[in-house]
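Using the sequences provided together with the hints, build the complete structure.
Counting in numbering that gives the first Met the number 0, the sequence shown runs from 0 upward without gaps.
There may be inaccurate statements among the hints.
As the list claims (entries may be wrong) - When the alpha-carbon atoms are kept at most 35 Å apart in a straight line, the in silico DSBU-like pairs for lysine-lysine are as follows: (1) Lys160 / Lys120; (2) Lys139 / Lys61; (3) Lys195 / Lys106; (4) Lys100 / Lys195; (5) Lys106 / Lys160; (6) Lys139 / Lys160; (7) Lys100 / Lys120; (8) Lys94 / Lys160; (9) Lys129 / Lys195.
These are calculated hints, taken from the structure and not from any lab test.
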Amino acid sequence: MTQNTCDNPPASDQRSSSSPFMDSSPATFTSMSNTSSLTLTSNLGQSSNSVGGLNDVLSWVKHQIITQVARLAQPGTGFNDKTLPWKLMPAALLKANLCIKGYPAHKCLLPGETHNRISKKKGIAVLTQKEVMALAHALKMGTMVISRSEYERSAVIASEKPVVVGEAPPSDWAHPGARQLFLDGHTDYNGPARLKPSTATAKIKKGNEAPKAPSSALH
Numbered sequence: 000m001t002q003n004t005c006d007n008p009p010a011s012d013q014r015s016s017s018s019p020f021m022d023s024s025p026a027t028f029t030s031m032s033n034t035s036s037l038t039l040t041s042n043l044g045q046s047s048n049s050v051g052g053l054n055d056v057l058s059w060v061k062h063q064i065i066t067q068v069a070r071l072a073q074p075g076t077g078f079n080d081k082t083l084p085w086k087l088m089p090a091a092l093l094k095a096n097l098c099i100k101g102y103p104a105h106k107c108l109l110p111g112e113t114h115n116r117i118s119k120k121k122g123i124a125v126l127t128q129k130e131v132m133a134l135a136h137a138l139k140m141g142t143m144v145i146s147r148s149e150y151e152r153s154a155v156i157a158s159e160k161p162v163v164v165g166e167a168p169p170s171d172w173a174h175p176g177a178r179q180l181f182l183d184g185h186t187d188y189n190g191p192a193r194l195k196p197s198t199a200t201a202k203i204k205k206g207n208e209a210p211k212a213p214s215s216a217l218h
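Shown next, in the form of structure tokens:
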């Protein structure tokens, strides 16, 4: 059984006319008023020590996404009281003319992806505990936000411009930039460039290099 990781993206990186993101069924967001008072602890790890705790964090993540969408989406765009369209997120964002920026794509599967290539489940529940916490941290720190799309709608429809843009990955990320998700389900690594190594990191790497032998030792 093949397992997918963020370093080895799933099959959705390939363009496909049968992509679930092209599903024409209506996609909507849940209002989730019952979680409006839910907050994260200062130590996010404490909230995920049990199944119940992890479910609370997941509910908080959903609520934060829905809240941000509600501030921007126009009436009739489909973001109301049905469900969080994780699998159909690209189509739902397009309909509302929105996009997600700063998604922790180097730590977490993108919406609609799955760890198991043969699995048909692509809801947000497929995320691991580590991935849920990465999303929660990004939302809490304000690095992941939902905003109005800056691209021409025709370009988004043609999957020439993304609907989900990853945050700048760390300097040791194996690719030149962050992962991006497009309407047809394919992804690329042309998002924000990976961060440059810090001075401290560069010094550590330099300090770990084997010293060169003095010239006198060669005689």
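Cross-check of the supplied hints:
Taking the CA atoms of Lys160 and Lys120, the gap is near 26 Å; set against the 35 Å cutoff, the hint holds. With a C-alpha separation of about 12 Å, the suggested pairing of Lys139 with Lys61 holds against the 35 Å cut-off. Our distance criterion of 35 Å between C-alpha atoms is met by Lys195 and Lys106, whose separation comes to about 18 Å. Of the supplied pair hints, the one linking Lys100 and Lys195 holds, its CA atoms being roughly 20 Å apart against a limit of 35 Å.
Only pairs whose Cα atoms come within 35 Å are accepted, and Lys106 paired with Lys160 is accepted, the gap being roughly 22 Å. Proximity of Lys139 to Lys160 is assessed by CA-CA distance (about 27 Å); at most 35 Å being required, the pair is judged to hold. A distance of roughly 24 Å separates the Cα atoms of Lys100 and Lys120; the hinted pair therefore holds under the 35 Å criterion. Between Lys94 and Lys160 the alpha-carbon distance is near 15 Å, which keeps this suggested pair within the 35 Å criterion.
Distance hint between Lys129 and Lys195 is fulfilled; the C-alpha atoms sit about 25 Å from each other, no more than 35 Å.
No hint from the list above goes unmet by this structure.
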